[in-house]
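Trainee: Those sequence lines, one after another, are chains A and B. Heads up, the first sequence is in numbering that gives the first Met the number 0, so the first residue is 0 and it goes up one at a time. Heads up, the second sequence is in numbering that gives the first Met the number 0, so the first residue is 0 and it goes up one at a time.
None of these hints come from the bench; they were simulated from the model. Some hints here could point you the wrong way.
Identical copies carry no separate label here, and so any pair may be met within one copy or between two of them.
List time: in silico EDC-like cross-link candidates among lysine to aspartate or glutamate, alpha-carbon distance up to 20 Å [to be verified]: (1) LYS69 - GLU54; (2) LYS69 - ASP96; (3) LYS72 - GLU33; (4) LYS51 - GLU3.
Letter by letter, the chains look like this.
Number of protein chains: 2
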Amino acid sequence: MNAEQLSTWLSAIASPQRMRILSQIVSEPLHVSELARRVQMSRPLLYMHLTKLEEAGFVAGHHELTPDGKALKLFHALPFSSTIDLATLSAAVAATDAHNTRQPDESE
Amino acid sequence: MNAEQLSTWLSAIASPQRMRILSQIVSEPLHVSELARRVQMSRPLLYMHLTKLEEAGFVAGHHELTPDGKALKLFHALPFSSTIDLATLSAAVAATDAHNTRQPDESE
DNA sequence: TTCACCTGTAATAAAGTTATTACAGGTAAG
DNA sequence: CTTACCTGTAATAACTTTATTACAGGTGAA
Numbered sequence: 000m001n002a003e004q005l006s007t008w009l010s011a012i013a014s015p016q017r018m019r020i021l022s023q024i025v026s027e028p029l030h031v032s033e034l035a036r037r038v039q040m041s042r043p044l045l046y047m048h049l050t051k052l053e054e055a056g057f058v059a060g061h062h063e064l065t066p067d068g069k070a071l072k073l074f075h076a077l078p079f080s081s082t083i084d085l086a087t088l089s090a091a092v093a094a095t096d097a098h099n100t101r102q103p104d105e106s107e
Numbered sequence: 000m001n002a003e004q005l006s007t008w009l010s011a012i013a014s015p016q017r018m019r020i021l022s023q024i025v026s027e028p029l030h031v032s033e034l035a036r037r038v039q040m041s042r043p044l045l046y047m048h049l050t051k052l053e054e055a056g057f058v059a060g061h062h063e064l065t066p067d068g069k070a071l072k073l074f075h076a077l078p079f080s081s082t083i084d085l086a087t088l089s090a091a092v093a094a095t096d097a098h099n100t101r102q103p104d105e106s107e
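All chains, full assembly: derive it from the sequences and hints.
Mentor: What follows is the structure in structure tokens.
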């Protein structure tokens with residue numbers, strides 16, 4: 000994990016709004032409209048936040064049909080745990096530096 | 000720790016630039032101008048980043064006089080370690096909710 | 001005095017994030 | 001057909017963060 004990736008990961012949860020969203024779908028998955036009502040947020044805005052959370056791997060969404068045939072998009076939180084300290088950050092910076100110093104033909 | 004405080008803390012390190020700054024002053028303290036040269040950043044910009052890091056408790060700065068009498072401002076990284084997971088985030092959101100639901104006369 | 005360092009901040013520009021509004025389109029029930 | 005739900009996106013406004021430029025002022029050495 001390089002500095003940019005770690006930054007993307009941390010930025011995704013470093014938002015009170017996204018923390019609230021996440022905490023709502025820890026125990027039970029919810030569909031977008033219902034989730035929007037619970038966190039009192041417009042759907043377009045919620046989509047933006049969910050997209051960031053999904054890209055960083057904190058949530059996953061999947062379509063589901065209700066018994067009566069309505070299509071819902073359900074989201075649920077994915078479990079994770081990570082320890083952050085100076086060593087973690089330094090390692091990420093080192094990974095970035097190594098990448099940028101690398102010769103053109105060197106592989107990932 | 001409520002959601003806003005956790006957000007401030009995470010946001011402070013969720014930046015590749017600030018990770019680079021931090022990793023430079025882990026082993027040895029450096030004065031502002033020298034640090035600016037190492038991370039290739041203008042001093043005013045570096046000050047802005049250092050202020051954020053200091054407010055979040057990741058670095059500390061102190062003035063020091065060189066043997067020949069020049070005043071330098073040295074910064075060094077403060078050690079820390081924190082585990083981030085769904086429980087941490089949910090607890091922060093709960094702390095915020097508790098605060099907002101509280102009666103006017105309730106204490107901190 | 002001039003040069004080469006250093007600290008510190010104010011004003012502003014540039015870029016990125018967050019939030020809103022307004023759409024288009026779907027299903028099922030009354 | 002209208003009402004009441006749902007998904008999804010495009011355009012844009014409002015705001016925050018990041019970065020630059022331009023100052024003012026200090027010390028010590030040549």
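Trainee: Going through the earlier hints one by one, which of them does the structure break, listed in rising order?
Mentor: Failing hints, ascending: 1, 2.
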